[in-house]
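**Q** Given only the sequences and the hints, what does the whole structure look like? Please build it.
Line order of the protein sequences matches chains A and B. In this text, residue positions in the first sequence follow the numbering used here: the first is 1, and each later residue adds one. In this text, residue positions in the second sequence follow the numbering used here: the first is 1, and each later residue adds one.
What the hints contain is simulated information worked out from the structure, not anything from laboratory work. Treat each hint with caution, since some may be false.
[As the list claims (entries may be wrong)] Here are some, though not all, of the chain A residues that point toward chain B, as calculated from beta-carbon distances under 7 Å: (1) L105; (2) M129; (3) N342.
[Claimed, not checked] What follows is a set of in silico ranges between Cβ atoms, one per label pair, in the way DEER data are often shown: (4) A/K91 to B/E354: 41 to 47 Å; (5) A/D314 to B/R143: 40 to 46 Å; (6) A/A182 to B/D242: 55 to 61 Å; (7) A/R358 to B/C355: 27 to 33 Å; (8) B/G120 to A/I303: 34 to 40 Å; (9) A/E25 to B/Y44: 42 to 48 Å; (10) A/S22 to B/G176: 52 to 58 Å; (11) A/A274 to B/G145: 39 to 45 Å.
The beta-carbon is built from N, C-alpha and C at its ideal position, and this holds for glycine as well.
There are 2 protein chains.
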Amino acid sequence: MTEEIKKEKYVEVDKNLAIETSFPETDVRFHSVRHAPFELYNFYDPAGQPIFRRLPEDVAAATSDGVAKLCRESAGGRVRFSTDSQYILIKAVMPVVGRNSHMTLAMSAGFDLYEDYPSGESKYIRVFMPPYNMDGGYEQIIRFGSRKMRYFTINFPIHSVVSELYVGLQEDAALGEGRKYADDKPIVIYGSSIVHGTAATRPGLVYTNILSRYLDMNVVNLGFSGKALAEPAIIDWIAAQDMRLFVLDYDHNAPTPEYLGETHLPAYKKIREAHPDMPIIMVTRPNVATNGSRAMERKDVVIDTYRAARDAGDRHVYYVDGESFFLGKFENECTMDGVHPNDLGFTLMAEGLECEIRRALRDCEA
Amino acid sequence: MTEEIKKEKYVEVDKNLAIETSFPETDVRFHSVRHAPFELYNFYDPAGQPIFRRLPEDVAAATSDGVAKLCRESAGGRVRFSTDSQYILIKAVMPVVGRNSHMTLAMSAGFDLYEDYPSGESKYIRVFMPPYNMDGGYEQIIRFGSRKMRYFTINFPIHSVVSELYVGLQEDAALGEGRKYADDKPIVIYGSSIVHGTAATRPGLVYTNILSRYLDMNVVNLGFSGKALAEPAIIDWIAAQDMRLFVLDYDHNAPTPEYLGETHLPAYKKIREAHPDMPIIMVTRPNVATNGSRAMERKDVVIDTYRAARDAGDRHVYYVDGESFFLGKFENECTMDGVHPNDLGFTLMAEGLECEIRRALRDCEA
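**A** So this is what it looks like as structure tokens:
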């Protein structure tokens with residue numbers, strides 16, 4: 001009744017899961033993405049900070065200890081450039097690597113490569129896959145098999161801290177700017193772990209990054225897993241940003257519906273005061289079927305804010321019922337753990353929000 | 001320019017990701033799922049084998065070293081039962097735990113709980129989440145907050161080896177049989193890592209398990225990551241099984257289109273010989289946009305088999321072009337790494353195959 005079972009590594013069996021960690025290429029020249037022509041999105045002062053962070057240190061510290069930690073995770077960050085190199089190598093330096101049973105390392109610590117086309121389309125190439133036991137960073141290569149000018153986006157890791165990213169290209173390769181987004185101002189999304197991106201399988205599938213591709217716009221990820229409490233410090237900072245549209249999506253992290261009631265309307269008012277005509281979209285939690293605790297009371301709070309805004313004459317405020325994203329056949333399958341949307345859930349959220357954002361932007365032009 | 005960065009654990013920040021590892025409940029009685037009234041699906045001789053395996057040892061050994069290893073992974077396994085306990089605890093003994101950058105531990109080593117309703121619906125509750133550094137097994141609890149008779153399915157881990165699964169219930173709880181599937185014979189699916197389930201975020205979202213819920217049928221997972229080569233030993237064994245419908249989905253693992261050409265028609269013929277009137281569905285790879293290498297030549301092989309079967313008078317053979325699953329807006333977003341479908345990709349595959357399987361079963365009755 002006993003069978004000897006060797007603890008072999010899974011990758012020894014399926015070569016599709018092997019990860020290359022050394023490279024025969026000898027003509028590599030590394031470039032730090034902190035400098036032109038690389039263009040970075042979603043980061044605060046990317047050339048001047050020791051890590052790729054999403055908030056200034058003082059704002060983060062004034063918000064909470066949790067946000068001070070989480071804003072150092074590079075969730076939603078992107079770098080764009082063009083090259084005719086026949087490969088792209090990356091060398092990442094990562095002082096903190098997120099590891100958790102809920103996450104793939106591909107998502108928490110991987111960099112995800114897309115090719116950008118003149119049409120505005122951005123197509124998935126592959127993830128720069130971190131070796132499972134890497135510590136402090138890693139190198140990875142993606143080859144194209146031919147040499148021609150291409151435009152790229154690399155999506156940064158979701159739950160790790162990145163201090164340096166070097167892109168290695170053939171030493172004689174051209175290196176130029178990336179594609180510009182169709183709009184020069186970003187969409188800013190503030191919220192919980194759902195905005196942050198927990199439980200996507202790779203960085204490109206976090207909903208802010210999906211939306212960025214759908215809309216051909218920079219979408220700024222201000223998701224703070226478990227710590228989005230709409231504190232005055234962070235709401236003031238967001239209000240001071242230049243943006244095209246703002247999405248308020250933090251109902252999950254409010255410890256109670258009462259807390260949400262005390263903070264939601266003030267947060268809206270501060271953003272509106274600074275941006276009188278900008279569309280503001282309010283969203284409620286998507287995962288009501290699997291995580292319904294007091295969901296309806298929370299929804300009531302968001303609806304109250306929306307109605308108060310409309311009653312006060314606001315013509316650029318929108319309400320999206322998050323429950324609607326998952327309604328239908330897939331209702332129970334859109335999360336990883338009852339709370340965090342998986343790739344299916346994030347895709348459905350992005351589709352729903354894309355529709356509402358386009359409507360809001362059209363209304364705004366009208 | 002330096003910032004001190006403490007390597008805190010991510011779960012210290014977001015309590016939604018904390019994993020409970022000890023339990024105050026003192027009225028727990030453990031039951032081995034090897035014995036009635038528990039009913040196990042997808043396993044070979046579940047009461048007699050030291051681990052939950054998908055193939056007899058001699059068949060696996062005659063197939064290949066790779067399949068001999070992989071058939072010990074509990075991919076696609078399920079146990080069904082009913083109880084009025086107000087919680088379910090599990091204690092799993094796992095001699096091998098799959099760990100890999102592509103995978104969540106929730107998928108490779110987690111057990112995924114669904115509640116089964118009289119209507120045939122099966123709704124997601126939560127995953128029994130393995131602690132990140134667990135070795136050899138773990139305990140986990142899911143509470144319901146009330147006591148009433150409920151029917152459950154637990155999905156087994158996808159890339160780990162399980163030797164024991166104990167279900168802990170209140171000592172005075174009722175324990176009975178699970179819901180029966182609407183059909184007493186299974187659907188059997190043979191194939192690569194895509195059938196096996198690599199890159200779903202949790203066991204319930206592997207496409208064979210999604211299909212099982214959609215169809216209210218037992219779907220047997222004979223996916224062998226990287227090692228599905230249609231060797232005579234395994235095809236002979238499959239041909240000897242009692243089943244309602246068979247799906248042949250291994251084009252990915254054939255090392256070349258030529259190899260596929262040499263093995264595909266013979267595999268079909270063996271299965272057909274043993275089951276003259278049973279529907280057989282042939283499927284090609286779904287991820288053509290991201291992994292197109294010689295995809296069209298492989299597709300030609302499968303089409304040739306299909307046509308040869310039709311020409312020989314077979315009225316119960318079906319061809320599904322895998323490329324069709326991902327066509328449309330999400331084409332580039334359905335895989336984790338260009339190869340393995342993610343939760344979005346698996347859902348689309350299950351939807352497409354559900355449709356074809358229903359058609360085939362209807363034709364078969366007609």
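**Q** Which of the listed hints are broken here?
**A** Failing hints: none at all.
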